[in-house]
Structures are given as structure tokens and as C-alpha cells.
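Enquirer: First to last, the protein sequences are chains X and F. Under our numbering, the letters of the first sequence match residues 1 to 690, in that order. Under our numbering, the letters of the second sequence match residues 1 to 690, in that order.
Be careful, since some hints might not be right.
Any copy will do: because identical chains look the same in the list, a pair fits if it lies in one copy or spans two.
[What the hints assert, rightly or not] Here are the simulated lysine-lysine pairs, DSSO-like style, with alpha carbons at most 30 angstroms apart:
no.	residue 1	residue 2
1	Lys118	Lys367
2	Lys442	Lys117
3	Lys368	Lys118
4	Lys390	Lys368
5	Lys66	Lys390
6	Lys442	Lys368
7	Lys118	Lys360
8	Lys402	Lys66
9	Lys367	Lys117
10	Lys402	Lys390
11	Lys425	Lys390
12	Lys402	Lys425
13	Lys118	Lys442
Rather than coming from a laboratory, the hints here were simulated on the basis of the structure. What you are looking at is a predicted structure, and each value in this text was computed from that prediction instead of being measured.
Residues per chain, in single letters:
Protein chains: 2
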Amino acid sequence: MAAGTASSAPALDPQLRRRVVVEGVHPEIDCGRFPIKRVVGEEVVVSADVHADGHEVIAAALLHRKRGESGWREVPMAALGNDRWQARFAVGELGEYEYTVEGWIDRFETWRHELSKKFGAGQDVSSELLEGAALLQRLRPERGAQSPSAERSGRDAPPHPDDDILERAAAEMADSGVAMETRVAGALSESLRRTLARRADRRLATRYGHVLRVVAETVRARFGAWYEMFPRSAGTDPSRSATFDEAAGRLPYVASMGFDVLYLPPIHPIGRSFRKGPNNALEAGPHDPGSPWAIGSAEGGHDAVEPGLGTLEDFDRFVEAARRHELEIALDLAYQASPDHPYVAAHPEWFRRRPDGSIKYAENPPKKYQDIYPINFESEAWESLWHELKRVVEFWIGHGVKIFRVDNPHTKPYPFWTWALGEIKRQHPDTIFLSEAFTRPKVMRYLAKCGFSQSYTYFTWRNEKEEITEYFTELTRSDVREYLRPNLFANTPDILHEYLQEGGRPAFQIRLILAATLGANYGIYSGFELAENVAVRPGSEEYLDSEKYQIRPRNFDQPQSLAELIRRVNGIRRDHPALQRDRGLRFHQTDNRQLICYSKRSADGSDLMLMIVNLDPHHMQHGFVRLPLTDWGLGPDAAVEVHDLLWNERYFWRGEWNYVRLDPEARVGHVLHVQLASLPPQDDEAVALT
Amino acid sequence: MAAGTASSAPALDPQLRRRVVVEGVHPEIDCGRFPIKRVVGEEVVVSADVHADGHEVIAAALLHRKRGESGWREVPMAALGNDRWQARFAVGELGEYEYTVEGWIDRFETWRHELSKKFGAGQDVSSELLEGAALLQRLRPERGAQSPSAERSGRDAPPHPDDDILERAAAEMADSGVAMETRVAGALSESLRRTLARRADRRLATRYGHVLRVVAETVRARFGAWYEMFPRSAGTDPSRSATFDEAAGRLPYVASMGFDVLYLPPIHPIGRSFRKGPNNALEAGPHDPGSPWAIGSAEGGHDAVEPGLGTLEDFDRFVEAARRHELEIALDLAYQASPDHPYVAAHPEWFRRRPDGSIKYAENPPKKYQDIYPINFESEAWESLWHELKRVVEFWIGHGVKIFRVDNPHTKPYPFWTWALGEIKRQHPDTIFLSEAFTRPKVMRYLAKCGFSQSYTYFTWRNEKEEITEYFTELTRSDVREYLRPNLFANTPDILHEYLQEGGRPAFQIRLILAATLGANYGIYSGFELAENVAVRPGSEEYLDSEKYQIRPRNFDQPQSLAELIRRVNGIRRDHPALQRDRGLRFHQTDNRQLICYSKRSADGSDLMLMIVNLDPHHMQHGFVRLPLTDWGLGPDAAVEVHDLLWNERYFWRGEWNYVRLDPEARVGHVLHVQLASLPPQDDEAVALT
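Here chain X stands alone, though its shape is the one from the complex (with noise of 0.2 angstroms):
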């Protein structure tokens, strides 16, 4: 009878049947359109919107799993209120997973429910104990191709122990001979209900419209100190550059300091064509050395060593003598050649050239940079280059690199870095690229969606509370956070910000304690720990007689320096858990605007750190700050136990509001382990921004 009506009406999508919806599906960047960053052994928290018309019982699952798989994981949802769903999955390897959610109607979760309320009301429910043992019987045969567990296993399935379960259950339940109360409670027990739930149909559960991505890195992409330092300047001629193996006599130093990460500025041979002298001078004299980043002479170009330097013998013993020292090596990428790169007589095509076919420079009107030519993302030739330049990253992999700053990828098409880092991170997953892009904002972001494990951030910048706490804000509490993983410098060759040059070594030290504490990813470049502050000329963040354009031996063995600290404050972090991400920030009141105070805690909750910093450099600052006591599962007035881990003191605080007083002659800050038993789980996935 049905059939025949139906056969009269145009027939209609068969999609149309399914009743539920899945929408808003968090996280997901850009209609998944990107992939989110973890790192191994982190945990995607995945919500969505789930539900349906009417008042059926509604079952939502993540599915999960490691890209190139051929079936999905499965995690029930739980239900959060509001038609809200939640579950999560651990990357438990490198590289790359997907997942996506799937709603759909519970229907025996329906009818016992409707059973359940009709019994409990004193009704007859003999005809609902018929329905059941018929919905029952249709799970039985309809398993097998049609199931979704069958669909993931891909083969027929065979007679499961459920059947029995199902059958038995049924033939009770229609059995008009047993007692209605023992019908019942056969049909609402729990052993039951565990049954159907592996077993609901889902022929008609709706699908998330989108396969969403997640890139599992190592956990260096989310936490490490970094150094900078030019290894020519590792000797003691200010005349001529020091070699790698004069460097490996500076690694037990930069270890003793507890970083993690040694960055090196280009290390390839260096143009003479208009060689820049000290201080950037037009000119260079015959002994400079030159700019790093004027990368390419006649020893060679990217894949080459500056013979002051060494061979890429001793490159690479250089990376191992790292190693034992557990410091990994990071290279610059700086894709521009200097007039003597091999490219520019082997592949002028690379090059933009004028209608003189000379090749052309780089300009900034008026400003000339004669040293420096700019490759063409874009030339004829573009497949060639790219594949050149892909070569050059995949070069160094090989000689046991796997980080990489890459310098300025701003001013190189996104599509190469989708195109390269993608192929590279197929192949290495284990890398980690730094964008060094001082850039807008959305240019910063979307090269951090392209694919880069860290970004360059305005931290540098960020000397205010306000200007700090909102700024770290959005980058921990907004959606950001799932794509973009900040590296603070507190300084770099080309930054020595006013506030350092005019604070001192207070200003030093805060700066250091702020980068160490705010992120988990922070760096220094060298002679930073001197406090060197001395700027080229008034206005400029360049400093003076600048390592970029000469050879700056050190005596790092100073009185002042700040390498104790600097070794506590690492030591710290790697104590730590809590400073090793920037998930767990969370900001609070202070009365004084020159007192920041600010706490991360653990994934776990088992690590609670408290950090409140005097901003001024000059003066004693002092004044009170608030506790979160609530959002530590404590009462207004209870007592807590901090203990400074940079001066090994204690202190007793009771109460909200707590009396602090900083003088930058004595110390700038606190670093606070708070001691608690426990503390009540905090939402990560709560978003203050979006």
C-alpha cells in the first residue's frame, strides 16, 4: 500500500531522511580548511552542536584517526547541555590526523526512555513491550553490511555474541506469559542497554559535512628555550671568524643555561658585492666580514658553509657536540642570494631583472639594499626554484637539522610554504619552522595556518600590563591558539627595544622572567644575558657596531651577567609542566598597573605556578594582588603556600587580595610554585575571545 503511493510522487534525495543535524564543530579553522596544532601525546577536545526535531534521544561519536587509515575510531559523545556534545582523542604519533562527528537517533534509547516514564506512571505498556522486542529484532538481521561496524571492518559480518543477546531479550519481552514487571525489567536493564549501544542503526546518522585536520608535532614545537647567537663571534679575534669547532667550546656555556634550542644565523658563505661594513656602512673594508643573511658567493650558496666557518664536516660535528649537550640545532632559512650566489649566473630566470636585463635588487624608495637580491617566487621558471628551494631545507635535514627560523616568509607567496612545509613535513615530520614574520596581523596568522610550527610575535613590543594582558589574551584564548604557537624573543640582531636600551639590566631581567613564564616557546639572543643595551644611534632599535655586519667576541664571564638567572628561570620550566604550554594563562587583578600577575597551570591541573612582575625598571613597586581563589577551588579566606622558585623563599597568604612589594635593585618578580592538594579542573576549551 505504501509502495504503490509512493511510486506516484517524484521521488526525493534520499538524504532528506536524515533527521539530525551536526554544526558548529569546535575546533575547526576556516571550514577545516586548515589544519589545528597539537604535539604528541596532547589530547583535540572536540565539541559540536548536535540534535534533531522532536523529543527522540539523540547519540552523537567522534570519529577519529591517523591520516591514511581506511576505517574511523569511535568515541561516544557526551552531552554538555544546551544540545552541546563533547569527547576527545590523543595524537599519539608525528604527523597527521583527522576527525569528524556523527549524530544520529537513538532509537531504542527513545523507546525505553518512553517505556520507562509509561510504566513508572502505572500505564499499560504491553503494547510498548511489543514494539521493543520488534525494534530489537530489526537490529538483528539489519547488522552486517548495512552496520557501521561492519562498513568499518569492509567485510560481511559474521553471527556476534549480541545476537543471542538481542534474540533472548526480545523473545522475554514479547512474552505475554512472563510478568510485566520482569518484562520491563529485562527491557530496561543496563547489561541491555550496553548491548544496543554498540548495536543502534545508524543508516540514517547524519555525517559532519566536513573531515577536519590536526598536525601532531614534536613536543619541542610547544615548549622550549631558544638561543641565538652567531657562531663567528664564538672566539676571541673580533678580526676573523671563529670556526665551529672554536662555536662547540661555547655549547657547555649556552647548555649550563638550561636552553633548548641553539639558533644560528645563516651559516653559508657570504656575497662581496657591495659587502655592507660595520654599523650597515655602504662600504664594506676589505677585512669585513659581512651580513649573513647576504647569502652566496663563489664557495657556494644554501646548501654551502662559510669557509670561516669550517667544512660541512665540521657542520656537522658542530651538531653533534649540540646533541650531547641537548641542544638541538636550528638554521636560518633566508631565501635571497647576494649578487655572487651561484644561482644568479646558473638560474638568472630566478631573478627579476630590468628592461636592461640587469638584475634587480632590493628596494624600499628610496632605500637600496645592492647586496641583496630578492628571489622571484613568481618567475617563469617557478617550478624549478621551488623544487631548488625545497631541496635546500631537505639538504640540511640530512645533515641532522630539524628546525628552522625561517627568515621573513612574509615576503614569499603563502602558496610555497602551504606547497613546501607540507611536502617537507610528510616526509620529516619531526620538523619545526619558526616564522620570523613582523608583519600585520592577518599576514602573521595565515602564515601560521600555511603551515609554520611557531610564529614571531609583537612581544617584543608588549612592555605595558594592559597592553600585554590583552595581547596574550588573544593569543591564548582566542581561537588563535589552535594554529598559531608564539615564540618570545626578548630580544633579536635586529630588535633591542627602547625599553631595554633605557631600563637597565632590571629591564633585562624582566623582560626575561615575562618571555620565560608568558610562553612556552621564548628565546634570547646573545648578549642579552650582558644586558648589552647600547642602540646604533637615538630612535633606532639597531644596535650599535651590530654582530649582523661584524665579529663580536664576548666575555661572558662577567660579574653582572645575567646567566644565573637565566639558568633558574629554564630550570624552572622544565620543572614545570605548567610553563610548558600557554593554554593554562590566565591573568588577574593587581592594584598597582605596574604589577602584572598572571598563573598557568597543567593540562592536568597537578601544576600551578603564579607569576607577578614589577613592569618598572627604575622604581620599588608595591601594592596587592588577587588571588583566584574561587577558580582554585578554594574559599575567599583560605590560606595558601607559595614558594619562590627563583629565590627559594616561601610566603603564607591568606585571603583574595595579598600585599607584594618589588624593587628592581633586589629582584624584579616572583616565581611562584602554589601549593595545593588538588585543584578543580579548569575548561581549556573555554574561549574569552572570538
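We have chain X; now place chain F onto it with these hints.
Expert: Coordinates of chain F only, in the frame set by chain X:
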């Protein structure tokens, strides 16, 4: 040379050459899965992030078209700063439009900018001029099949007048015999710039990944005052149904109050089986008329007219009479059946059945609704069923009905609505569907996404200042406003809120003014104007002697009637475009939580209305309200004349804070026209909530 090199490298996806990124397009609902909504004549303001690597000049265009057109219309986008771009287009006709965004690198503007800087710095620019000439020459031949304009017209372009301009400009720029100043002046001329803006090389432009949609509906979808009336009560005899002809006698009364839409509960034959008596009594007496929502009897179903009301011809005449009073008829669409509905016998397969073969009535255990058979949208014969349900709508469209108030759409599958509303609106784009879903927020929103023109809201249960402010900020200043149009009913036959039950006549005045000025769409159910406020029992929102179950002739000619107030309010709404849309709503501070203050402005800023309402129906309330003088382009001490259009009184206010006193015995609120010479533009696109 380049070719030789390139051939040695594996080919790459040519799409990788597109350097520009288009992202963050707004408005966009769920990755473009659902259209946004506008009414004919409105604008769509489209914004996007458009950027690329490097420092070249970017250009962007908004592309839009009526659905079905093959080519795109184009509007240049303006840069708002921070890589954000914006443009707008109007939807001039009913139906569906599409839009997307394209961005590209503007080579000519980039070159022009560089030329200007270098020439301004006194550099020799002869090489740049030759480059520019070559750039212009390249644009000439490449026009034709490749150019976007040719692509749009779909044919080879004939020689274009621009060709000559480019040719001459290129020749002059390259002519070393001409003075440099002259050549530069020509290159920088605005006329050349305009020509080039039309001729940009967009072969490597980036088109946004989604084509987004807008549905343009009739203005009535955005703005209308609804009056709900049971036609059977339009007579004087409570023992029999009034006819449509008698009901027509009430049209002048409804029209005189200034309503736009007259909404009728179901007008179909009412079932006899299990008919409910007065006050929802389980057994009806022999003369009880039953509930109009128990649809279907031997006299017919959803396409028939209840004999007590008359015939189909009588209905047609009623629709015509209403039209003469400028009232549009809205019918109720309640997809359910009484046991006597013709569907039950003809199509038992459209209903759910028990194991014993009997058809299931509606239940909410332990409650039973034996007079209602829910329709089984998941019937095996779902296709014939869905077609039939759609036919019902088309039937009434054939009888002049364009507006449908849909009963409980949240108990019918979402895909049914997506399909049915989509199909109907493609044929009849002037139809309006109001979703009567009082349920969870995400379900209400999803129904709006599925295609309903308007939605009932929680307004009825929002009586306090904070909750009104929060709820209407969500409705009017988050992306929800792109697809959900609120229709605020002050009461319905099912909802007599406690506030009305207890607040007396002032409560009705308050809720009327709030509904009519907070919402461009609002409605009342007959009897509201008489302040009918007796519930069936304490704690219930049901009316005593509800019209749902009995015929309730009323004497509307009563001294305490609010008809005159309603007439004035509706008149003000018709005169003031500010009240005809919801986007212009802003809430303002008051120092008394019983005083709510908000303003609305028209899209063009020419009309500004300010409402101040005493939410306390029992007591005089007074206090200060704060005018947003800065937003209005005035200084903090400015004087403002406001004209209370309800009472025709004028106030001269000075400065931000002004005193207001509202005694519910006299008047519950002010509806003020703010008389300003001009109003600065307000960013209608600004989103306060995300």
C-alpha cells in the same frame, strides 16, 4: 632557458601561483551552507580579509548576481585598513542572489606607487618607465578570452577603445626623446589609472572558496504588525461558529488599529473523535466546537474549510475583503490530523501504528492526546507524504494566501522544511513562513536557517531590563540576525504570561510598546487589547475558557480598550522607518532598573526613535536616562528636542543624563522622535556578540 630548467622539475599545481588570500568573508553562515536573509531593496554589506605576501598593492572586488545568471556583476571593494575590505550590493528583486569575493595583485598600481616614490626621491626612473611601458603592452594583447570582462561576456572581445590609450601611454613612457617629467606625469595620470583599473590582469586572481547566498523576501518579512483572531468568534452567539462573512465584519476594526497581517488559526474541518471540551476537558459536549488544531473530519482535511465558517468561496471572499483593508491573511499550517482526517483512511501508512495495527495518538507520558494523530514524516511512504504536505501550501497559495504561521515546526524534520520551503519559495518567492517553535535556542535557530522567514521568540518570557537587553542584543547584534527575524508576540492563545495576569492594564500597555518598538515584526492575539488576563488556574499560562476550545464572542467596544493606543503605536511604526527594521537597535543606560531605554535608527540615519518604558506596571518609577550624544554626533552638553509621538508632547533635553518620570496610571512609556538635523553613520555591520 627558463623553460629548459623548468622542464627538469616535476610539475606543480598551477593553482599555487595564486598569491592572494581571501578569507574571513562576512556575512557567511556555516561556511555558506545557508543563505542570509534580506528583503527587496536592502543592501548586503560584504567584508573580507584580502591580503598577500610582500608589499604589492592589492585590489578586491565583490562579485554578485541573481541566481541563475551566468556572469557576475562586480563592485570594487574599499580597503578599511588591517587588510579588511568592504563593498555592498542591493537585492532589488525577490528570490535568491549569490555573492563572493575576488582579490588580486594590482601590478599597475604597485608599479605606479614605486615610480611615484622613486621619482619623488629624485631617482632616475628611466628603467622604471620602460618597465611600465612593457606592463601596459602586456595588458593589451592579453585582453580577449583571458580577461575577466571577456570571461563575463563569454565571447572574444573586439578591439577596445582602451587599447589605444594603453598603446599611446606605453609609447610615451618608453620615449627617451620626451622629458622625464612629462613621461612620469603621463604614467601617474588619473585617467591612465582609471583605464588600468578596468584592465587589471586577473588571471592569477584568487576567488573565495565559497559562493554565498542571500534570499531576498518581501518587505513584509521584515516589518509587520500581526493580529491573531479566531474567525469563529467574530459573531455574537457563543453557541455557534461565526462565518467568514461575519468575520469580515471585524476587518474594519482590525484595520483601524493599523495591523498589517491578520493571522487565523486553522480554518479546516475539526475532528469529532476525542474532541476536547471547554478548558481542555477530556469530553466535549455535543455542541462544543473543538480545537481548530484537531484538523480533519468527514468534511475534509487540510485543504478544506470548516463548514461552520463557510465554504472555500466564502474564504476567498474574506481574503479579498481583508486585502481591501490592507490586511494580508496568514494561515496556520499545523501538520497533524484528528482521527477523522481523510488521510487516516486513505493513507494509514502516513501515521505510526502500534503492534495491534491501531494508529498512535500523540503522547507526552503520562499525558495522552487522543484527539491528535501526529504525522509520521519518516513513513516508508515519506515521499508521497511530503509532496502532499507541500501541495497543501500550494493549494492555499492558489487561494491568495502568502503568509503561513507554521505550528510546532520543531516536531517535524528539518530536512522537510529545507526541502518544502525551498521548493515553494522558488515558485512563490513572495511567501512568508513564520516558525512557531518555542523550544531550545539551537533548534529555533536551525529552523530559521532551514528557510523560515520569521521566528517566534522568547520575548514573551523576557520581562526584566537585563534579560530584555541581553536577549535583544543577541538577536540584533550577533550573526543570528543574518538568518533569524524575530516576530514578537505579546500573547498567544497558549501564552498568557504571569506578568500580564498580574500587572493589569498597564502591563498590557508596557508589553505592547516593547513588542512594537523592540521588534519590526510583532503581534498580539485578540483579547489583548481588552487586557484579558484570567488564567485557567494559578501557575498556568493557559487562558480560562480558552478560545482554543470554545467560541468566544467579544465586545471590543469597551472604554478600557487599548485599541486607541495600538492604533497610535502602529501609526508611529508606519511613519518611522527606524521602527521598521531591527538592526538599528541600541540600549542605553538608565539609573533605575525598572526603566528601560533604547533607540532605533533607520538604515540611512534620517530617522531616530528613542523609547523609554517603565517595566513596573504597579508603581511610578523615575530616574535618569543617558542619551548616547557622542554616537549621535553631538557634544556632551548638547541640547536635544524629543517629541513623544504617543502623547504629542515635546521635551527639550540638555546633556547626557535626563530625568524621566513614568506613572503607569498615566503613561507607561515614551515613544520619542529625536529631532536631529543629521546623524553620523552607524556601523550596521558591527557585531557586538559572536
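Enquirer: All the hints need checking, so say for each whether the structure fits it.
Expert: Okay, the hints, checked on the actual structure:
Within a single copy, Lys118 and Lys367 get their C-alpha atoms only as close as 84 angstroms, which misses the 30 angstroms cut-off; across copies the closest is 9 angstroms, which meets it. Taking the shortest alpha-carbon separations for Lys442 and Lys117, only the inter-copy value of 26 angstroms comes in at or below 30 angstroms, while the best intra-copy value is 55 angstroms. Taking CA atoms no more than 30 angstroms apart as the test, Lys368 paired with Lys118 passes between copies only; the shortest distance there is 11 angstroms, against 85 angstroms inside one copy. Only within a single protomer do Lys390 and Lys368 lie at most 30 angstroms apart by alpha-carbon distance; the minimum there is 28 angstroms, versus 71 angstroms between protomers.
When the C-alpha separation of Lys66 and Lys390 is checked against a cutoff of 30 angstroms, the pair qualifies only within one copy, where the shortest distance is 25 angstroms, while the shortest distance between copies is 45 angstroms. Proximity of Lys442 and Lys368 under a CA criterion of 30 angstroms is satisfied intra-copy only: 27 angstroms inside one chain copy versus 58 angstroms between copies. With identical chains, the CA atoms of Lys118 and Lys360 are at most 30 angstroms apart between copies only, with a shortest distance of 15 angstroms across copies and 84 angstroms within one. In this assembly of identical chains, the alpha carbons of Lys402 and Lys66 lie at most 30 angstroms apart only when taken from the same copy (22 angstroms versus 52 angstroms across copies).
Taking CA atoms no more than 30 angstroms apart as the test, Lys367 paired with Lys117 passes between copies only; the shortest distance there is 10 angstroms, against 81 angstroms inside one copy. In this assembly of identical chains, the alpha carbons of Lys402 and Lys390 lie at most 30 angstroms apart only when taken from the same copy (14 angstroms versus 63 angstroms across copies). With identical chains, the CA atoms of Lys425 and Lys390 are at most 30 angstroms apart within one copy only, with a shortest distance of 11 angstroms there and 53 angstroms across copies. In this assembly of identical chains, Lys402 and Lys425 lie within 30 angstroms of each other by CA distance solely inside one copy; the values are 10 angstroms within and 58 angstroms between copies.
Taking CA atoms no more than 30 angstroms apart as the test, Lys118 paired with Lys442 passes between copies only; the shortest distance there is 29 angstroms, against 58 angstroms inside one copy.
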